[in-house]
Each structure stands twice: as C-alpha cells, then as structure tokens.
Amino acid sequence: MSGDLRGKAAAVGIGLAGIGAAPGYSHLDLTAQAVKIALDDAGLRPSDVDGLFASNLQNIFAPLNVGEYLGIRPKVTEGTQIGGSSPVAHLLWAVLALDAGLCDVALVCYGSNQRSAAGRLLSPSTSEPLIYEQPYGPRYPISSYALATSRHMHEYGTTREQLAAIAVAARGWAAMNPVAFMRDPLTIDEVLASRLVCDPLTVRDCCLVTDGAGAVVLTRAERARDLKADPVYLLGCGHAHWHRQISQMPDLTTSAAVDSGRRACEMAGMGPADIDVLELYDAFTITTLMFLEDLGFCAKGEGGPFVEDGRIGPGGSLPVNTNGGGLSCVHPGMYGIFTVIEAIEQLRGTAGERQVPGAQTAISHGNGGHFSSEVTAIWGTAATL
Amino acid sequence: MSGPDAQYAAFLAQGRLRLQRCGGCERHVFYPRVLCPHCGSDDLAWVDASGRGTVYATTVVRRRPEEGGAHNLCLVDLEEGVRMASRVEGIAPEAVTIGMAVSARIAQQEGDAIVVFDPS
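Which chain is which? The protein sequence lines are A and B, in order. The numbers in the numbering used here rise by one with no breaks, and the one at position 288 of the first sequence is 288. The numbers in the numbering used here rise by one with no breaks, and the one at position 120 of the second sequence is 120.
Just so you know, the hints here were simulated from the structure itself, not pulled from any lab data. Heads up, the beta-carbon is just placed ideally off N, CA and C, and yes, glycines get one too. There could be a bad hint or two in this list.
Under 7 Å between C-beta atoms, here's a sample of chain A residues computed to sit facing chain B [as the list claims (entries may be wrong)]: (1) 137; (2) 143; (3) 199; (4) 247.
Facing chain B, a subset of chain A residues (Cβ under 10 Å, in silico) [claimed, not checked]: (5) 139; (6) 195; (7) 197; (8) 198; (9) 201; (10) 245; (11) 248.
Turn these sequences into a full structure, and let the hints guide you.
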C-alpha cells in the first residue's frame with residue numbers, strides 16, 4: 001500500500017535564510033525569510049499555503065507561532081517535535097495530506113537563531129530533564145554520540161582517523177558552497193589535534209552552532225508540473241524510533257535508520273544502489289558513518305574503511321553531504337530541513353560548483369535526539385517516475 | 001502510595017539497589033515503570049540487584065576546571081540484563097574501558113542517593 005504515495009507530491013519551492021550568522025533576527029524572522037524565498041521560487045504566495053508543517057526549538061506550539069507570524073490560516077497543521085529529523089518526518093504527513101486532498105499547498109519550514117542567541121536560547125525540548133542520566137553530568141547531545149562512538153570503535157575497530165575523514169570530506173564540499181559557514185581547508189591531522197569535547201570526539205567531529213532557516217513548498221504532482229521550478233518528486237519516506245535517551249538505545253552501533261531506510265526504499269521501490277546523492281544528518285562524524293551502514297551503503301562495521309579514502313568527498317564515488325553538512329555548512333539546532341533542501345538543489349541541477357553531474361535520485365536522512373528518531377526520504381527527478 | 005521513580009529512589013536512600021522484574025516475561029526492567037516495555041505486563045515487582053556489571057560504552061566529558069573538570073560518563077550493563085548510565089570512580093576517567101568489570105555502590109550527591117560503580 002505504501003507505494004501508493006510514490007511520486008504523488010513534489011517539492012516546487014525551496015528557500016534558505018540566515019545561514020551561518022544572522023545577528024539581530026529572531027528564529028521566526030529567519031523562518032519567514034526562508035518561506036518568502038521558497039514561495040517566490042514556486043511562484044506562490046503565503047495565502048496559497050493551506051498546509052503548515054512547522055517546527056523549531058523555541059516554541060512548544062511552533063506551528064501556531066509560525067502561522068501567526070506569516071498570516072497563514074492552515075487547514076492542516078503539523079508540528080510533531082522529534083528532534084532534528086522533524087522536518088523530514090513532516091514530509092510524510094505533507095504527502096498524505098496533499099494526496100488526500102486535505103490541503104493543496106504544503107509548507108515545511110524550520111528556523112533558529114541558535115548562534116546569535118547563544119546562552120539566551122531556552123529550548124523547551126533540550127531543557128527537559130532525563131532523570132536517570134542527568135546525575136552523571138552528560139553534555140547533551142555530544143556525550144551521547146561519544147558513547148556510541150566508543151562502542152563502534154570497540155566492536156569494529158573504527159578509528160579516529162576514519163571519523164576525521166568524514167569531517168574532511170564535508171569541508172571539501174563546503175569549500176564549493178558559497179553559503180557554507182566554514183570553508184577553509186581542513187586536514188585529518190587538524191581534526192585529530194582539535195580540542196576534545198567528549199572522548200573520542202573533538203570539536204571538529206561535532207556539528208557547527210549556527211543560525212539558519214529553511215523552507216520547502218510541496219504540491220500534488222499534477223499541479224507541480226505547472227509551476228515555475230522543475231519539480232522534484234518525493235518517492236518515499238519512512239519513520240522509525242526506538243528510544244529517547246542513549247542509555248535506552250538497544251545497540252549503540254545500530255540506529256533505527258535500518259527501519260526508516262527500509263520503509264523509504266519500499267515506498268520508492270529502490271535500494272541503495274539506485275541513489276546518486278546522499279544528504280545524511282551529520283551532527284557528528286559518527287552519525288554519517290552509522291547512517292552509511294544502517295541505510296545499506298556498506299555493511300555494518302565497515303563504515304570506517306568505507307570512508308577513509310575520500311569516497312564520500314568531492315571527486316569520490318559516493319557524494320555525501322554535498323552542501324558541507326552540519327559539520328561545515330549549517331547546523332542551527334536542528335539540521336533536517338537542510339538535508340531536504342540540498343537534495344532538491346542537486347536534483348534540480350542548480351548546485352553550482354558542487355553539483356553532482358546527472359544526479360537523478362537523492363536521500364535526505366534526518367536524525368533527532370540521541371540517535372533517537374530516524375527519518376529517511378527519497379527524492380527523484382521526473383525521469384524516475 | 002508512590003510511583004516507581006519514588007520507590008526506586010527510596011530504596012536507594014535506604015542503601016539498596018533494586019530493579020523491577022516482570023512477572024509476565026521474567027525480564028528485568030530499568031528505568032522503573034508501571035508497564036513492562038518488553039511484554040506490556042503491569043506485573044512488575046522489586047528485586048534486589050546483584051550490583052555486578054560490565055562497562056558497555058564510555059566517554060570522558062571534558063569540562064573546564066571551573067566547571068568541575070573532566071569526568072567519566074559510561075553505560076553499564078548489569079548482570080540482570082539492564083543498562084544504566086553512570087560513572088566509574090576511583091580511577092582516571094580515561095582509564096575506564098569497555099568490557100571492564102564493575103561493582104555498584106550507592107553514593108550521595110547533592111542530597112540524593114545515586115548509583116556509581118567501582119572497578120571490581
């Protein structure tokens with residue numbers, strides 16, 4: 001049955017705003033800037049939006065704040081907060097609502113001024129106490145991913161150098177992305193020599209802390225063909241979550257991405273070999289590595305050797321995180337929407353110097369919490385329908 | 001009457017590490033709950049824990065000296081088959097290794113009784 005949704009909706013507008021540092025603007029200002037760009041891109045206006053799918057880390061009732069600010073009165077609204085994967089997760093509800101005729105224009109958006117508001121950002125989601133972990137002084141979320149890294153290294157012999165190769169590959173892509181926040185050359189030695197935050201992760205194994213917002217407009221496929229931009233079709237989307245806190249994760253070397261990826265692939269009728277470009281949520285170097293394994297691009301435990309020779313960087317055989325990722329492009333609290341926007345950019349063929357030639361299919365993979373929520377979306381050009 | 005969190009804390013305050021064991025599937029459960037996450041049964045009873053465990057994953061949280069300095073954070077698998085966040089004390093935080101055998105001890109921290117581990 002899930003195959004019934006394949007290609008039913010398409011992204012017809014994308015917008016980015018405030019990537020990097022945008023002092024003086026609120027998260028809602030940045031969100032609205034991205035929405036304006038995305039709607040202009042689609043040739044639509046705010047009054048055309050009747051499905052709102054909004055999340056952020058600053059408003060418990062995010063869709064209400066975003067809808068009010070934009071003057072949108074949606075018929076369908078969604079704001080499920082499952083961490084950084086939330087905007088990717090909202091895609092599934094957007095295509096369902098569009099296909100059911102509950103709405104005609106769906107807007108998925110996210111924004112944060114996390115960098116500029118440093119220290120003053122009180123997030124309802126991150127201030128939640130996890131009472132059975134908190135007494136031991138975790139540094140969320142880094143310490144949770146550090147624990148997973150320690151286990152992956154123990155079981156599979158993954159090395160810090162292999163993890164550093166992921167940060168170096170991301171930086172290589174960022175160098176070709178004019179909006180990326182960190183574009184200076186980076187070497188494996190520099191990653192290894194960086195300040196340890198939670199062993200074995202250094203500051204360069206960790207994502208940026210930036211401002212930024214993103215918006216994506218979707219319509220049903222038949223309407224998409226009449227709008228300005230080349231439509232990029234949602235071929236599959238799958239959700240999965242198994243735990244909230246890292247101490248409850250069943251196996252720290254395998255995430256629920258094995259389920260979300262399988263579900264997305266079943267809907268799309270595709271497998272890893274059919275995917276041209278991967279946008280994987282890289283909050284930390286270990287997340288890229290584990291998602292390559294969990295989504296089936298290499299066998300479990302082989303992520304380290306898989307990435308160590310530049311395979312995922314510019315000029316490699318498998319393009320991963322072509323915008324520079326959360327490690328080098330942008331990471332404003334939640335990165336999920338940016339995996340979506342870069343996938344669409346690549347499939348439109350408008351990614352400039354970093355364009356993957358002839359890309360027809362892409363994965364956007366979102367992660368939330370502490371390897372907690374995993375959502376996989378698969379996109380394709382008209383040629384894949 | 002008090003809920004499972006408060007009961008667990010009260011046992012710790014008495015110097016006893018107790019876990020729940022499910023009458024439905026006979027598995028141990030941690031953290032404390034009113035339903036077994038394995039089988040859905042509400043037949044959960046408190047049993048004494050062995051306190052014997054193995055380090056499953058470990059990190060050193062590198063806090064600045066004025067924030068208390070570097071400290072260990074780890075996950076310990078107890079013999080009963082449950083996993084808990086904790087720290088290993090008595091050795092350098094970097095010296096804690098995966099697979100290390102450890103023993104539970106109840107310590108006082110900011111007025112609360114918490115479970116920490118020592119190398120065994």
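Structure-based check of all given hints:
{"no.": "1", "hint": "137", "verdict": "holds (6 Å)"}
{"no.": "2", "hint": "143", "verdict": "holds (5 Å)"}
{"no.": "3", "hint": "199", "verdict": "holds (4 Å)"}
{"no.": "4", "hint": "247", "verdict": "holds (4 Å)"}
{"no.": "5", "hint": "139", "verdict": "holds (5 Å)"}
{"no.": "6", "hint": "195", "verdict": "holds (8 Å)"}
{"no.": "7", "hint": "197", "verdict": "holds (6 Å)"}
{"no.": "8", "hint": "198", "verdict": "holds (5 Å)"}
{"no.": "9", "hint": "201", "verdict": "holds (8 Å)"}
{"no.": "10", "hint": "245", "verdict": "holds (8 Å)"}
{"no.": "11", "hint": "248", "verdict": "holds (8 Å)"}
Taken one by one, the earlier hints all hold for this structure without exception.
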